[in-house]
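Read top to bottom, the protein sequences are chains R and Y. Per numbering that gives the first Met the number 0, residue 0 is the first one in the first sequence, and the count goes up by one each step. Per numbering that gives the first Met the number 0, residue 0 is the first one in the second sequence, and the count goes up by one each step.
Warning: the hint list may mix true and false statements.
Each pair of labels, with its calculated beta carbon distance range [to be verified]: (1) Y:L64 / R:S325: 24 to 30 Å; (2) R:S128 / Y:S128: 54 to 60 Å; (3) Y:Q11 / R:D479: 51 to 57 Å; (4) R:L64 / Y:G337: 23 to 29 Å; (5) Y:D203 / R:E129: 48 to 54 Å; (6) Y:E368 / R:L64: 27 to 33 Å; (7) Y:L64 / R:E129: 26 to 32 Å; (8) Y:L64 / R:D31: 53 to 59 Å; (9) Y:A42 / R:A48: 45 to 51 Å; (10) R:E50 / Y:H10: 19 to 25 Å.
Calculated Cβ distances over 10 Å to all of chain Y for the following chain R residues [said to hold, decoys possible]: (11) P201; (12) G225; (13) E248; (14) A250; (15) L260; (16) R375; (17) P399; (18) A415; (19) S433; (20) G434.
Derived from the structure by calculation, the hints contain no laboratory data. For every residue, glycine included, the Cβ atom is placed at its ideal position computed from N, Cα and C.
Number of protein chains: 2
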Amino acid sequence: MTPEEFREAGHQLIDWIADYRSTIEERRVLADVVPGEVSGALAALPPTAPEAFSSVLADLDAVVLPGVTNVQHPMHFGWFPANAALASVLGDLASSGIGSLGISWESCPSLTEVEEVVCDWMRQLVGLSEAWSGTIQDTASTACVVALLAARERATDFSETAGGLQASERPLVVYTTDQAHSSVLKAVAIAGYGADNLRMVPVDPVTRAMRADVLATMLESDLAAGSQPAAVVASIGTTGTTAFDPLVEIAVVLERANRTLAHPIWLHVDAAMAGSAMLCPELRPLWEGVEAADSLSFNPHKWLGTILDTSLFYVRDSQHLVRVFSSNPSYLQSSADGRVTQYRDWGIPLGRRFRALKLWFHLRLDGPESMRIRIRRDLANARWLADQVEAAPDWQVVAPVQLQTVCVRHVPGDLAGESLETHTQRWASSVNRSGEAYVTPSKLDDSWMIRVSIGVEGTERRHVERLWQLLRTAAASASDESTAAEPSGRG
Amino acid sequence: MTPEEFREAGHQLIDWIADYRSTIEERRVLADVVPGEVSGALAALPPTAPEAFSSVLADLDAVVLPGVTNVQHPMHFGWFPANAALASVLGDLASSGIGSLGISWESCPSLTEVEEVVCDWMRQLVGLSEAWSGTIQDTASTACVVALLAARERATDFSETAGGLQASERPLVVYTTDQAHSSVLKAVAIAGYGADNLRMVPVDPVTRAMRADVLATMLESDLAAGSQPAAVVASIGTTGTTAFDPLVEIAVVLERANRTLAHPIWLHVDAAMAGSAMLCPELRPLWEGVEAADSLSFNPHKWLGTILDTSLFYVRDSQHLVRVFSSNPSYLQSSADGRVTQYRDWGIPLGRRFRALKLWFHLRLDGPESMRIRIRRDLANARWLADQVEAAPDWQVVAPVQLQTVCVRHVPGDLAGESLETHTQRWASSVNRSGEAYVTPSKLDDSWMIRVSIGVEGTERRHVERLWQLLRTAAASASDESTAAEPSGRG
Numbered sequence: 000m001t002p003e004e005f006r007e008a009g010h011q012l013i014d015w016i017a018d019y020r021s022t023i024e025e026r027r028v029l030a031d032v033v034p035g036e037v038s039g040a041l042a043a044l045p046p047t048a049p050e051a052f053s054s055v056l057a058d059l060d061a062v063v064l065p066g067v068t069n070v071q072h073p074m075h076f077g078w079f080p081a082n083a084a085l086a087s088v089l090g091d092l093a094s095s096g097i098g099s100l101g102i103s104w105e106s107c108p109s110l111t112e113v114e115e116v117v118c119d120w121m122r123q124l125v126g127l128s129e130a131w132s133g134t135i136q137d138t139a140s141t142a143c144v145v146a147l148l149a150a151r152e153r154a155t156d157f158s159e160t161a162g163g164l165q166a167s168e169r170p171l172v173v174y175t176t177d178q179a180h181s182s183v184l185k186a187v188a189i190a191g192y193g194a195d196n197l198r199m200v201p202v203d204p205v206t207r208a209m210r211a212d213v214l215a216t217m218l219e220s221d222l223a224a225g226s227q228p229a230a231v232v233a234s235i236g237t238t239g240t241t242a243f244d245p246l247v248e249i250a251v252v253l254e255r256a257n258r259t260l261a262h263p264i265w266l267h268v269d270a271a272m273a274g275s276a277m278l279c280p281e282l283r284p285l286w287e288g289v290e291a292a293d294s295l296s297f298n299p300h301k302w303l304g305t306i307l308d309t310s311l312f313y314v315r316d317s318q319h320l321v322r323v324f325s326s327n328p329s330y331l332q333s334s335a336d337g338r339v340t341q342y343r344d345w346g347i348p349l350g351r352r353f354r355a356l357k358l359w360f361h362l363r364l365d366g367p368e369s370m371r372i373r374i375r376r377d378l379a380n381a382r383w384l385a386d387q388v389e390a391a392p393d394w395q396v397v398a399p400v401q402l403q404t405v406c407v408r409h410v411p412g413d414l415a416g417e418s419l420e421t422h423t424q425r426w427a428s429s430v431n432r433s434g435e436a437y438v439t440p441s442k443l444d445d446s447w448m449i450r451v452s453i454g455v456e457g458t459e460r461r462h463v464e465r466l467w468q469l470l471r472t473a474a475a476s477a478s479d480e481s482t483a484a485e486p487s488g489r490g
Numbered sequence: 000m001t002p003e004e005f006r007e008a009g010h011q012l013i014d015w016i017a018d019y020r021s022t023i024e025e026r027r028v029l030a031d032v033v034p035g036e037v038s039g040a041l042a043a044l045p046p047t048a049p050e051a052f053s054s055v056l057a058d059l060d061a062v063v064l065p066g067v068t069n070v071q072h073p074m075h076f077g078w079f080p081a082n083a084a085l086a087s088v089l090g091d092l093a094s095s096g097i098g099s100l101g102i103s104w105e106s107c108p109s110l111t112e113v114e115e116v117v118c119d120w121m122r123q124l125v126g127l128s129e130a131w132s133g134t135i136q137d138t139a140s141t142a143c144v145v146a147l148l149a150a151r152e153r154a155t156d157f158s159e160t161a162g163g164l165q166a167s168e169r170p171l172v173v174y175t176t177d178q179a180h181s182s183v184l185k186a187v188a189i190a191g192y193g194a195d196n197l198r199m200v201p202v203d204p205v206t207r208a209m210r211a212d213v214l215a216t217m218l219e220s221d222l223a224a225g226s227q228p229a230a231v232v233a234s235i236g237t238t239g240t241t242a243f244d245p246l247v248e249i250a251v252v253l254e255r256a257n258r259t260l261a262h263p264i265w266l267h268v269d270a271a272m273a274g275s276a277m278l279c280p281e282l283r284p285l286w287e288g289v290e291a292a293d294s295l296s297f298n299p300h301k302w303l304g305t306i307l308d309t310s311l312f313y314v315r316d317s318q319h320l321v322r323v324f325s326s327n328p329s330y331l332q333s334s335a336d337g338r339v340t341q342y343r344d345w346g347i348p349l350g351r352r353f354r355a356l357k358l359w360f361h362l363r364l365d366g367p368e369s370m371r372i373r374i375r376r377d378l379a380n381a382r383w384l385a386d387q388v389e390a391a392p393d394w395q396v397v398a399p400v401q402l403q404t405v406c407v408r409h410v411p412g413d414l415a416g417e418s419l420e421t422h423t424q425r426w427a428s429s430v431n432r433s434g435e436a437y438v439t440p441s442k443l444d445d446s447w448m449i450r451v452s453i454g455v456e457g458t459e460r461r462h463v464e465r466l467w468q469l470l471r472t473a474a475a476s477a478s479d480e481s482t483a484a485e486p487s488g489r490g
């Protein structure tokens with residue numbers, strides 16, 4: 000494709016995107032396709048000759064979009080928000096258009112240095128001290144793997160340079176809670192610690208936050224048993240209920256334990272969702288104590304709205320990271336070595352996209368104040384919804400609303416046990432299948448509840464009001480079905 | 000930013016990209032900035048108010064572009080090609096515009112199913128059997144980590160579910176050659192094997208390919224010593240000299256060794272660069288035996304031209320991958336589970352971009368035949384250059400030219416030792432600093448040589464001819480400098 004052909008097709012695609020975004024409310028939220036429907040509509044054999052742009056664009060409309068769950072839809076209340084602000088889409092387009100290659104500073108100095116600058120802008124915007132250096136990873140999952148690898152290597156005096164983790168003499172142990180994101184378990188597996196060496200520290204039954212006092216006891220007992228505590232992963236805004244682990248208390252426990260240890264225990268803070276909130280100074284008490292951590296991740300590609308994949312990862316000692324991840328073959332050496340940042344040594348991949356441009360465009364074109372206004376709007380909407388739910392008969396808010404997620408259950412009459420489980424799944428599924436809104440069923444204390452996660456860029460109060468109507472209608476008609484079905488034994 | 004503001008700015012940005020790409024030959028190849036120059040030109044404090052799109056665009060021109068090494072420039076002969084074909088840029092833009100979220104099939108069925116389809120198209124295009132299932136990773140580095148984690152877990156009966164790698168009884172060993180990409184060493188470190196358990200199998204002194212007979216001996220000796228061979232990483236087109244490890248012979252050695260082993264040794268094939276070549280049936284003998292591998296990666300974001308990050312990763316047993324990487328928290332469960340592919344279980348990150356669109360657009364808009372024509376053009380250009388170098392006095396082609404990379408040295412008179420090293424670095428550096436072309440100095444047998452890697456979309460014969468002129472001029476004037484400098488002891 001020549002630049003002139005690109006120019007013509009590009010203008011069409013820009014219009015297509017602008018049209019899609021401006022009419023998104025006319026669409027369903029949840030994709031309405033069955034497994035295999037999208038792939039079945041595409042050719043099984045690869046193309047042989049070039050096709051016209053119009054036919055690819057037509058397939059985007061006819062085949063791809065019906066199979067897209069529209070997470071930019073203002074009635075999307077599922078998972079966590081995955082905003083893709085249009086200002087950041089432009090930054091991503093600029094990155095693709097330039098088509099640079101990030102394998103060393105020399106291969107694209109701007110890629111490295113814009114990343115340094117925007118990571119530092121974000122550091123300032125969330126109120127972190129100058130002790131932190133940042134980089135952009137694809138996701139908080141990868142950031143957690145990187146953190147646990149850094150922890151593993153610190154705990155073993157760089158076993159990777161010798162016999163590897165397999166040569167470790169004492170079992171290395173990692174601590175988190177059962178409210179932590181599934182990626183923590185996965186990172187523990189990937190880093191080779193093994194599930195047996197992952198300790199689930201109990202949480203407070205109301206706040207779902209880690210019990211720092213029990214962490215202290217568990218550390219002592221593991222040390223007494225000959226194990227080596229290597230890392231604690233604390234959650235700032237858990238996925239289930241946006242719970243906040245008490246960083247100040249955890250830091251005190253670790254500080255005390257570290258006094259007797261040859262290698263301090265690594266504290267990683269997973270603030271994937273809630274980190275964005277720290278743009279608002281009034282919310283920073285929620286992560287008080289964060290300065291005690293060794294590493295920290297949060298995702299502008301969630302609430303903040305910079306398009307995937309933009310996960311910020313900050314460390315206090317970037318030289319440790321470099322030691323764990325560095326590679327310096329002859330074909331990547333240059334005269335700038337030693338005077339520049341080589342981000343390949345801060346994570347897993349060698350080749351990196353110019354991801355910083357999406358954050359750079361987003362921060363400059365939309366400005367941080369518009370993000371703060373949105374965050375405060377969403378918090379107010381969540382509080383409004385929680386108030387409605389709490390005031391309604393048979394409805395419960397089942398976890399403290401500390402951020403923008405409201406966890407609810409509808410418990411009509413004396414419904415309990417399996418009948419309640421079925422009821423919850425039934426009404427949530429009817430909301431989701433309707434296409435008018437999407438909410439996420441999730442388990443709390445092994446029982447289903449519904450997470451209403453507010454935070455899409457386009458979600459205003461009227462959308463939350465409409466959702467509340469939908470939830471009540473769906474729950475009421477599911478109740479009717481349950482009651483009607485009861486005699487025939489289907490309840 | 001509203002959709003209408005996006006429309007207006009987007010049109011400007013499309014024009015900016017089309018202009019950049021159509022005038023790229025007027026630019027330098029290597030960025031001409033000193034460390035800190037780009038970051039120093041940007042504000043140290045984050046923005047406070049939204050800025051006009053025109054000012055961001057102006058900074059792209061004034062600050063960012065001067066710091067970009069233009070790897071799309073037809074005179075870029077460095078590293079490996081990192082093509083970013085404009086058809087694939089459009090696919091990437093479509094992905095960003097839709098702003099979907101890939102965390103489960105349900106979160107965007109099209110994201111999963113288009114990926115399944117394009118991975119299968121690519122499988123067919125490179126002539127792999129139907130036994131392979133594919134996914135898109137960010138890079139071949141990550142693919143290698145995933146492969147070595149899969150190998151580790153197969154070798155240890157899923158130690159991740161119990162005591163982890165640290166509980167392994169016998170040291171797990173990985174085999175590769177010193178010609179393998181640096182990411183193999185890094186993957187061995189990340190996966191916890193430890194550098195002591197990485198064996199460098201000797202290579203043939205001419206072809207630089209793994210000696211399968213020595214691999215056999217090393218396996219025997221490790222087994223006799225109580226170690227457990229876990230994986231072999233074979234290179235199909237090494238970074239240094241595009242050497243090809245002999246897969247058929249390696250497969251025979253492994254098949255024999257596996258007969259006596261409880262867990263077969265995992266064979267991973269790193270075809271990051273050369274995989275694209277397999278679009279041409281006449282080149283497939285270069286990876287004969289590939290069907291014996293357990294996993295395979297190659298990067299359309301190199302020679303094929305689909306923009307970063309598009310690294311294909313194929314496995315023969317996707318269920319094994321799922322067992323190693325699966326996570327299934329309640330908030331990600333849906334009624335489609337068990338009937339659909341969950342790509343989060345095929346690698347490290349949870350959230351994934353809709354990467355398949357870039358490959359889908361690229362294959363459909365440009366068509367595979369145009370890629371084959373380009374690949375054959377580049378091979379012919381490499382052969383042409385090699386012929387010139389071989390025919391020129393004082394010039395040497397120092398490794399067999401099997402693909403599109405020509406490794407050269409200029410050895411005037413009896414220059415040797417440190418003087419030769421200085422000479423090579425001097426003339427290469429003068430070519431690169433001129434901005435007119437870029438080549439990569441690299442070490443072979445601990446001595447500097449120059450890799451001329453041909454394969455940028457825009458590189459025609461005239462560019463290679465011009466490069467050959469530049470190389471001779473630079474080498475001649477470096478020789479003059481050496482001679483002139485000799486008496487004063489600077490040689």
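Review point. Against which earlier hints does the structure fall short, listed by number upward?
Key: 8
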